[in-house]
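Undergrad: Modelling step: build the complete structure from the supplied sequences, incorporating the hints.
In order, the protein sequence lines correspond to chains A and B.
Letter by letter, the first sequence follows residues 1 to 96 of the numbering used here.
Letter by letter, the second sequence follows residues 97 to 233 of the numbering used here.
Keep in mind that the hints are not guaranteed to be accurate.
[Claimed, not checked] Straight-line C-alpha distance at most 25 Å; calculated BS3-like pairs for lysine-lysine: (1) B:K224 - A:K14; (2) B:K162 - B:K172; (3) A:K69 - A:K14; (4) B:K150 - A:K14; (5) B:K150 - A:K8; (6) B:K229 - B:K150; (7) B:K224 - B:K150.
Keep in mind the hints are simulated off the structure, nothing from the lab.
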Amino acid sequence: MVASRGQKLSGIQKQVLSLYRGFLRTARSKQPENRTHIESLVSAEFRRNSQMIDRKNFLHIEYLLRRGKKQLDQLKTVDSVRLSSSNVELPDTNRP
Amino acid sequence: MAAVPVTCVRLTASMHTNQVVGRTSTLKLVSVGRARSRFPVLRTSRFQISCSAKPETVNRVCEIVKTQLALGNDSKVEPDSKFSALGADSLDTVEIVMTLEEEFGISVEEENSQNITTVQEAADLIEKLVEKKNAPA
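TA: Here it is in structure tokens:
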């Protein structure tokens, strides 16, 4: 869904890339080892979905976008340090 | 009786829209033709900018792109190389821009980061942003 080359990106593609950027930005604020962990998970998840999901399957992409935004918000606000690996969902967070 | 004029109006209305559609499509064609004829001009202006971006910056960008895309030492990354030609998808491009941000201590606006397609464009934008950062507010 994000494999367009040399052509203008669609709105939904921009949203996906913006979300990806948001995750990478947020990962910067974490501890180095957690950061690499988050980055590799997020990158793997985006890449997997970009291969698996048909680029015209807007409903699914929009669902994933919403889910991703929620997860990003959680990653931002709570001082959560890690993401769980299976489906990139936040584990129990240790609130201060 | 009243129905007849109504359909007439509809017909003319639809004809109008057809004409409008036709017009916009020809307009588009014209603009494409213009863009093509202007292309060499754009190129030369880009080369002028390329003189302004320091070779160090360009080289650093090349190195970062190389490591980010895990390219071998034998693969050549030229200033004019397109990221997509080097095998980068849009996710890679986002990663490259993020790494460049950290490397140069700048922050690239989202709209700008989507316009970056070559090493040269990245280097030019970086120089501009670094200059902005160092300039007194």
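Undergrad: Hint by hint, say whether it matches the structure.
TA: Comparing the hints with the structure gives:
1. Taking the CA atoms of K224 of chain B and K14 of chain A, the gap is near 24 Å; set against the 25 Å cutoff, the hint holds.
2. At roughly 9 Å between alpha-carbon atoms, K162 of chain B and K172 of chain B fall within 25 Å of each other, so this suggested pair holds.
3. Simply put, K69 of chain A and K14 of chain A have alpha-carbon atoms about 14 Å apart, close enough for the 25 Å limit, and the pair holds.
4. Pair hint K150 of chain B plus K14 of chain A does not hold up; C-alpha atoms about 30 Å apart against a cutoff of 25 Å.
5. Annotation: proposed proximity of K150 of chain B to K8 of chain A is violated, straight-line Cα distance about 29 Å (limit 25 Å).
6. The suggested pairing of K229 of chain B with K150 of chain B holds, with an alpha-carbon distance near 17 Å, which does not exceed 25 Å.
7. Pair hint K224 of chain B plus K150 of chain B holds up; C-alpha atoms about 11 Å apart against a cutoff of 25 Å.
Hints 4 and 5 from the list above are not met by this structure, while the remaining hints are.
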